[in-house]
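One-letter residues, chain by chain:
Number of protein chains: 2
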Amino acid sequence: MAQKLTLKKIAQDLGVSISTVSKALRDSHEISVETRSKIQEYAKKFNFKPNNIALSLKNQKTKKIGIIIPEIVHHFFATVIAGAERVANENGYQVIICLSGESFDKEVVNMDMLANGSIDGFIMSLSKETMEKQDFHHVREVMNQGMPVVMFDRVSDDINCDKVIIDDAGAASSAAEFLMRKGCKKLGLITTVDYITVGRLRTQGFKEALMKRGMDIVPGRILKIGDVEDAGLQIAAYIKEQDMDGIVAVNELFAVTASKAIQKIGKSIPKDVAVIAFTDGMLSKYASPTLTTIGQNGEEMGGLAAQKLIEKLESDSSNEESYETVIVKTSLVERESTP
Amino acid sequence: MAQKLTLKKIAQDLGVSISTVSKALRDSHEISVETRSKIQEYAKKFNFKPNNIALSLKNQKTKKIGIIIPEIVHHFFATVIAGAERVANENGYQVIICLSGESFDKEVVNMDMLANGSIDGFIMSLSKETMEKQDFHHVREVMNQGMPVVMFDRVSDDINCDKVIIDDAGAASSAAEFLMRKGCKKLGLITTVDYITVGRLRTQGFKEALMKRGMDIVPGRILKIGDVEDAGLQIAAYIKEQDMDGIVAVNELFAVTASKAIQKIGKSIPKDVAVIAFTDGMLSKYASPTLTTIGQNGEEMGGLAAQKLIEKLESDSSNEESYETVIVKTSLVERESTP
DNA sequence: ACTATTTGCGAAAACGTTTTCGTGCATGTT
DNA sequence: AACATGCACGAAAACGTTTTCGCAAATAGT
Numbered sequence: 021m022a023q024k025l026t027l028k029k030i031a032q033d034l035g036v037s038i039s040t041v042s043k044a045l046r047d048s049h050e051i052s053v054e055t056r057s058k059i060q061e062y063a064k065k066f067n068f069k070p071n072n073i074a075l076s077l078k079n080q081k082t083k084k085i086g087i088i089i090p091e092i093v094h095h096f097f098a099t100v101i102a103g104a105e106r107v108a109n110e111n112g113y114q115v116i117i118c119l120s121g122e123s124f125d126k127e128v129v130n131m132d133m134l135a136n137g138s139i140d141g142f143i144m145s146l147s148k149e150t151m152e153k154q155d156f157h158h159v160r161e162v163m164n165q166g167m168p169v170v171m172f173d174r175v176s177d178d179i180n181c182d183k184v185i186i187d188d189a190g191a192a193s194s195a196a197e198f199l200m201r202k203g204c205k206k207l208g209l210i211t212t213v214d215y216i217t218v219g220r221l222r223t224q225g226f227k228e229a230l231m232k233r234g235m236d237i238v239p240g241r242i243l244k245i246g247d248v249e250d251a252g253l254q255i256a257a258y259i260k261e262q263d264m265d266g267i268v269a270v271n272e273l274f275a276v277t278a279s280k281a282i283q284k285i286g287k288s289i290p291k292d293v294a295v296i297a298f299t300d301g302m303l304s305k306y307a308s309p310t311l312t313t314i315g316q317n318g319e320e321m322g323g324l325a326a327q328k329l330i331e332k333l334e335s336d337s338s339n340e341e342s343y344e345t346v347i348v349k350t351s352l353v354e355r356e357s358t359p
Numbered sequence: 021m022a023q024k025l026t027l028k029k030i031a032q033d034l035g036v037s038i039s040t041v042s043k044a045l046r047d048s049h050e051i052s053v054e055t056r057s058k059i060q061e062y063a064k065k066f067n068f069k070p071n072n073i074a075l076s077l078k079n080q081k082t083k084k085i086g087i088i089i090p091e092i093v094h095h096f097f098a099t100v101i102a103g104a105e106r107v108a109n110e111n112g113y114q115v116i117i118c119l120s121g122e123s124f125d126k127e128v129v130n131m132d133m134l135a136n137g138s139i140d141g142f143i144m145s146l147s148k149e150t151m152e153k154q155d156f157h158h159v160r161e162v163m164n165q166g167m168p169v170v171m172f173d174r175v176s177d178d179i180n181c182d183k184v185i186i187d188d189a190g191a192a193s194s195a196a197e198f199l200m201r202k203g204c205k206k207l208g209l210i211t212t213v214d215y216i217t218v219g220r221l222r223t224q225g226f227k228e229a230l231m232k233r234g235m236d237i238v239p240g241r242i243l244k245i246g247d248v249e250d251a252g253l254q255i256a257a258y259i260k261e262q263d264m265d266g267i268v269a270v271n272e273l274f275a276v277t278a279s280k281a282i283q284k285i286g287k288s289i290p291k292d293v294a295v296i297a298f299t300d301g302m303l304s305k306y307a308s309p310t311l312t313t314i315g316q317n318g319e320e321m322g323g324l325a326a327q328k329l330i331e332k333l334e335s336d337s338s339n340e341e342s343y344e345t346v347i348v349k350t351s352l353v354e355r356e357s358t359p
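Same order as they appear, the protein sequences are chains A and B. Take 21 as the starting number for the first sequence in this note's numbering and just add one per residue. Take 21 as the starting number for the second sequence in this note's numbering and just add one per residue.
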């Protein structure tokens with residue numbers, strides 16, 4: 021277990037001072053060529069790598085970015101992380117991941133832990149509890165300390181920072197419009213309760229599309245799911261009770277659950293009922309029938325978020341406070357569940 | 021942008037020395053009660069939190085663990101991370117995630133970056149390329165520096181360290197046995213090429229189960245997939261050509277792809293062909309029909325890996341070099357794809 | 001009243017870097 | 001011979017902590 025090599029040890033072994041070693045390794049002209057190569061060879065031979073912690077302390081930057089998300093076992097978030105990690109790595113950064121598990125308290129604790137020097141900036145998507153409580157003191161606090169924050173997907177208008185989102189309302193509207201163009205007259209929507217921003221916006225977009233076509237908005241055809249646990253039962257009942265020929269679902273799970281319920285009552289997809297889902301993940305690709313989806317391009321969102329964060333980090337911190345909201349285009353992927 | 025509070029600033033503001041502040045905040049009896057409470061109140065008021073980097077440097081430990089995995093957009097790995105993150109957090113640790121993207125070089129680079137002081141220990145699953153090359157110098161190197169490593173899932177016998185794996189051969193054997201008990205006579209296997217340890221072991225277990233029952237092993241019924249890209253075509257051809265009444269697949273994707281191919285040629289599941297898959301993820305739960313699976317309990321594996329790593333980290337590092345391999349039980353989840 | 005003991009606090013080292021500022025010595029210039 | 005210049009290197013500060021040690025003053029013990 022060869023102890024970790026430090027400048028100090030090299031200096032001792034070679035009979036020079038620490039500063040000389042440091043300078044030699046950075047190829048400073050202050051050091052004679054012989055001394056320099058002697059030190060460099062020694063360092064190479066014993067595979068010296070400067071200690072990151074010491075560098076962080078000295079430079080007051082860690083080259084790490086913190087990502088706080090509600091869940092990782094969720095295809096969309098996983099793709100976001102993948103994108104963020106890629107861009108971070110390309111720029112010499114590493115990512116530290118913390119999961120809030122949709123809990124406000126855990127989100128706060130995690131942020132506090134990371135904010136004390138562990139990272140240079142945050143990428144985050146708010147937990148359900150946080151959105152419900154509308155309590156954002158923790159993110160305000162880290163921003164006050166001069167730590168940049170980029171939010172994605174689950175964002176809040178109450179916080180002034182860079183954001184990366186998709187045009188939820190617009191995408192939901194296009195989805196409904198797409199179904200109507202295919203001939204659907206009785207559209208349904210399976211969405212979340214309103215305090216989840218994305219659910220609310222998608223509901224709003226859905227309604228707008230119907231209104232634009234002058235169609236009635238039938239309240240019963242809009243199902244808002246609060247407790248995901250018994251989504252299955254709620255959706256089954258909803259499918260049985262409502263007479264619809266097209267359904268928009270705000271996520272894959274709702275869509276595939278609905279799809280199964282539809283087939284169970286003897287209707288066929290897409291002939292009797294067309295289905296379109298948000299989030300282009302594994303389920304949509306492999307469900308039966310495969311689902312037409314609105315892809316959220318998570319990889320791209322993650323990449324953009326990292327990009328923006330790193331830009332903020334590397335610009336003169338003395339710069340003006342200007343925040344931007346990037347809207348990532350969604351992509352409609354047509355599969356078997358629509359005509 | 022209130023500058024980050026430090027001991028030094030508190031000391032200046034209160035007209036005492038840095039050491040006094042430090043001691044007061046740790047409730048040392050060396051400091052008088054008045055001074056202590058004065059300092060503590062001040063610290064609380066301005067929300068002082070000690071700088072993690074400085075602590076890391078001082079204590080020579082970061083309270084962070086590095087996780088290196090091939091992919092994150094993969095349900096199994098996501099569950100492992102979730103489990104590791106949970107246990108890590110419970111013990112005051114944080115996780116840093118690096119993705120190798122199945123590339124040897126990226127695995128090496130990432131390990132090198134993390135090994136220079138950023139973390140206290142590693143949890144990792146080897147990339148495909150690494151397993152193919154059989155080059156493990158990078159993990160040996162960090163181990164030589166006294167940094168503990170715990171491997172999971174994709175491990176190597178050539179490396180001596182703690183490991184967390186499932187009993188792949190045993191699980192594959194039970195899967196085959198399960199199908200035979202249900203009356204299947206002509207079993208097929210969809211697996212990976214042999215240099216992926218888990219694929220090899222599952223293949224081996226599958227064969228053992230057949231031999232134990234005295235059944236012939238028909239080479240054509242064992243499909244080894246190397247390039248995942250055209251797995252679809254290979255599986256479709258295989259299903260068409262071979263006459264089988266039961267199939268074991270080493271992952272969900274292969275299983276659901278096979279399942280679709282089977283239904284496409286007009287056979288019914290599970291009546292004509294029974295299907296059983298490894299990895300109990302989203303696909304199995306929502307495919308049509310839903311799949312009987314062998315759950316790998318990724319959450320548990322991640323948790324155990326973190327547990328073992330933290331134990332190693334917190335024991336006297338002077339302890340004996342004893343390594344353990346934990347075998348996590350698999351769980352058979354019966355669904356519609358088997359009789 | 002003189003010595004022990006306790007009390008309350010500060011100085012300084014250490015962790016591993018980088019960087020600024022000397023400093024001693026050889027060389028070059030008058 | 002006197003002085004400026006350049007070269008090659010070392011000392012020390014700084015980043016923010018914790019901790020050991022030392023020291024002065026106050027208290028206690030005879």
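Hints are computed from structural coordinates only; laboratory data are not their basis. You may find that some hints are simply not true.
To be verified - Simulated DEER-style distance windows between Cβ atoms:
#1 V129/B x D236/A: 57 to 67 Å
#2 M235/A x N67/B: 14 to 24 Å
#3 S351/B x G246/A: 23 to 33 Å
#4 K287/B x E331/A: 21 to 31 Å
#5 G286/A x M231/B: 40 to 50 Å
#6 E249/B x H49/A: 51 to 61 Å
#7 Y215/B x Q224/A: 28 to 38 Å
#8 Q154/B x Y343/A: 43 to 53 Å
#9 N67/B x E334/A: 25 to 35 Å
#10 Q80/A x H157/B: 30 to 40 Å
#11 E110/A x E249/B: 42 to 52 Å
#12 L75/B x S123/A: 19 to 29 Å
All C-beta atoms in this analysis are idealised placements derived from N, C-alpha and C, irrespective of residue type, glycine included.
Results of checking the hints against the structure:
1. V129/B x D236/A: 57 to 67 Å: For V129/B and D236/A the Cβ distance comes to about 59 Å; the hint holds.
2. M235/A x N67/B: 14 to 24 Å: 54 Å, violated
3. S351/B x G246/A: 23 to 33 Å: Since S351/B and G246/A have Cβ atoms about 30 Å apart, the given range 23 to 33 Å holds.
4. K287/B x E331/A: 21 to 31 Å: For K287/B and E331/A the Cβ distance comes to about 55 Å; the hint is violated.
5. G286/A x M231/B: 40 to 50 Å: 46 Å, holds
6. E249/B x H49/A: 51 to 61 Å: At 52 Å between Cβs, range holds.
7. Y215/B x Q224/A: 28 to 38 Å: Cβ of Y215/B to Cβ of Q224/A: about 52 Å, so the range 28 to 38 Å is violated.
8. Q154/B x Y343/A: 43 to 53 Å: 50 Å Cβ-Cβ, so the 43 to 53 Å window holds.
9. N67/B x E334/A: 25 to 35 Å: 27 Å, holds
10. Q80/A x H157/B: 30 to 40 Å: Between Q80/A and H157/B, where Cβ atoms are some 34 Å apart, the hint holds.
11. E110/A x E249/B: 42 to 52 Å: This hint is violated: roughly 24 Å between Cβ atoms.
12. L75/B x S123/A: 19 to 29 Å: 26 Å, holds
Consistency note: the structure conflicts with the earlier hints numbered 2, 4, 7, 11.
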